[in-house]
Amino acid sequence: MTASVETTPRAGVEVRLEDLTRRYAGVTALDGLSLTMAPGELVALLGPSGCGKTTALRLLAGLEEADGGRVVIAGKDVTNVPANKREIGMVFQAYSLFPHMTAMQNVEFGMQLHDVDAPERRKRAGEMLDLVGLSGHTHKYAVQLSGGQQQRVALARALAIEPKVLLLDEPLSALDAKVRSRLRDEIRRVQLEVGITTLFVTHDQEEALAIADRVGVMNAGHIEQLGPPTAIYSRPATPFVAEFVGLTNRLAGVVKGGEVEVRGTRLPLVKPDSTEGPAIALVRPEAVSVVSDGDMSPGPLTGSVISTVFLGATSRVSVDLGDVTVLAQLPTSAVGAITAGTKVRLSLRTDPVLIARDEKAATEA
Amino acid sequence: MTVVGNPAVTGVGRPMMGGRRISLTWVGAVPFLGYVAIFLFLPAAIIVAGAFASEGGLTLSNFANLSRPYIVSAIVGSVILSAVTAVAGAVLGALLTYAIATGNPRGTFRRVVTSACGVLAQFGGVTLAFAFIAAIGPASAVYIYLSQHHIDYYASGYWLYDLRGLEVIYLYFQIPLMVLVFLPAVDGIKPQWREATDSLGGSSWTYWRYVAGPLLAPAFLGSMLLLFANALSAYATAAALINQGGPILPLQISNAITSEVGLHEPGFAKAQAVVLILIVAIVSVLYAVLQRRTARWLQ
Amino acid sequence: MSRSRRAKLQVFRVVTFVLFGAFFAGPIWFMFEFSTRGIGENSPRTLDAWKAIATYPDLVAGIVASLELAVITSIGVLVVLVPTMVWVRLRLPRLRRVIESISLLPLTIPAIVLVVGFSPMYQWLGTNFSDSILTLSLAYAILVLPYAYRALDAGLAAIDVKTLSEAARSLGASWPVVMWRVIVPNISSALLNAALLSVALVLGEYTIANNLLYPNLQVEIVSVARTNAGTSIAVAVASLLFAFVLLVALSFVGGQRGGRRRTRERLVQTFGRDFSGGTR
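Respectively, the protein sequence lines represent chains A, B and C.
The first sequence begins at 2 in our numbering and counts up one residue at a time.
The second sequence begins at 76 in our numbering and counts up one residue at a time.
The third sequence begins at 1075 in our numbering and counts up one residue at a time.
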């Protein structure tokens, strides 16, 4: 249900956040955050609540003022430019739409503020609502639209004024799970079609990994890792990223000679120069394989299955090794006869692993 | 244990009548309903019936007598006083409401101020009149001080003791009432709407003109209507302040009850009361309509 | 919000609160000032006006009468309302909206209108039963009804009346026992609320008393003012202080469950829509 838009996809503009700091009430929300967004790129800022991702977005929008650093849009320093002059488009988590206006009027509002005349406004608003798939709902008020529809109108409204940057502040967090994934893909489709540089803030890693060109994982006011979704997932740079994105097994081991010995297996390290001694190895479930036949004599990697969870193409098996529970993710075909209670033996793939020192290494997911 | 057959045997102790049970549970509501019937509905009936009654029987003469000049001027005086204090109270109250709403919603200051408004909105009558006499009356410290410095604000008459004084004094409870009634609507304005307007290129002016203004207009008007009805119904402050004449309708009603005139024309006071309650009822209906609009947008 | 906008807002708030604060605090302050004046210029503050209260027997009688009325009215309203509201919750739920609408009705009827209807009734009452001022409590109960209803409704809503009473009945309690020893203790703060609101209202009532020609506190204040402004203002200040103390007590009483926010909401609800004009 997508009409192609009359506008030619603009090449987006470059957006730079340079060394932004923001403090309030003694708390440092942003600690020298820097980020360069390429034209037309969708960058997702991902992190737990309080990590500063929303603050970064609001500083970019101009809704709050930075204590230090610069914001540069299309080569122009806008740090001291108020929000209403920055040519941004913004979609909020909730209460996006003006309740006393219809969808059409909401979308026209920005253009009205820019003195676009009525027939032109109407035409463009119609196109925008078409773009987001709501052409039949132009005369409805916010209360008459579902949550997903409201956010689409908000998106149309933000894009109608042809902004330089699109900012989305957890736009899907207030919606039902079903609606969320559909709308997420819609947003990405529209963003690609219009070609606008976009910053997308979320605490949901699935969203970030699914639609972003690059993901910035944030923690306590700074970006821990910035890269394509595949890199974030399979090559996490820090324990926080490893534990925040995807599932991780924490297995006690000892670092010696550039490797870590975990439950009888020697695994290479992502950082071979880590200091020696006891450590926690972070092992992805996909790196753990499970067999139910062969030598089942007691050992560090033998135990019994607690449960198997069918996830479609893959399944997740949780195994009780006595002192720890390990999650393994296997193709469903490999699960075979494994059920709760089956005695199994695990083996760890020798991929490089990250280690953490602290028992309380990663923060809340 | 089931009891079959004769319905008269079921429900021990309950009187039967033609096979249907009369439930004794209704008795529980009788004291309240009876009391209210005597002391609320009976006076209302007396007023409505009495307005149409006179020596002979049914008549409209009481209503015709409302055209007497002093009644007409009292009605006009009431309407003007109520309108002036409603508008002034609404505007000033809206400013105060905005100042309160923009503070910490859970802070102590806001709680204290809102509670104070609750008290002040009820504060009226005699005490209020005397408070103003003490504050700005001819014997007040303020007047004495200013007149010693050649500022005589009673030079053209003692306005405190007539309608002009009431216009000022009524604000003392109109403004807090406005705050109490208008604050929920102002609280319903979401910060996202201001930020959305900003992001779309709007200024403070365009925000108020196109977003906050239209959204708050029904609540503002409705609250103003409430203030109007409130002022129209007020009696005690005026009675304590104004010793002669009856420039407003409630005072005329009081005269009609307590004076000689009242004894000869018992229906006259009632007709005036009917007029007053009619105006109040119309205003209430309009208020309810505006409230529904507000609730739809700002809940 | 940008810094400059926030700064402008703060200035606006400070100026607003100072100006309005002066407007509202001023008259009260000046009442104190007026009632403590000595005779002649530059004479020291004195409580003579206050002490003179005792020398006006009518005034003292008015104070006593109003206090008695306050007590009788609040107890009377509670005695009628509480069993009724409990009974309706337990047995007559369909009547609930009706009772609520009736109870809130006096909010929309100005007292000056009500008294027109009361006048012939009280004349009849005076000649056939009693012309004591205490009969005013019958009328005051109506004025107080909406406030008491709301306070009690909030209190009853917070406890599960049905379960409590069924539990008590199953243990063998009779209805009086259920009411007195099970329900009432659990709504004690709502009861106190309702009582305090009633007392405040009755003490400040002028319209009905004046038009039915009964000399209650406020009526007496006005009549004393004709001869001794200072003393009448002293009594006015005293009644104001008393009402203020009551309402502060109210906010602490309501502070048990749900905390001050619910009390504030209750106060807002209670005082928010009223143009019965009884005290105005």
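Worth flagging that the hints you see were computed from the coordinates, not collected in a lab.
Even for Gly, the Cβ is constructed at its ideal location relative to N, Cα and C.
Each hint should be verified, as a subset may be incorrect.
To be verified - Among chain C residues calculated to face chain A with C-beta under 10 Å, some are: (1) Met1075; (2) Arg1077; (3) Lys1082; (4) Thr1237; (5) Ser1239.
Okay, the hints, checked on the actual structure:
no. : hint    : in the structure
1   : Met1075 : 7 Å, holds
2   : Arg1077 : 6 Å, holds
3   : Lys1082 : 13 Å, violated
4   : Thr1237 : 35 Å, violated
5   : Ser1239 : 41 Å, violated
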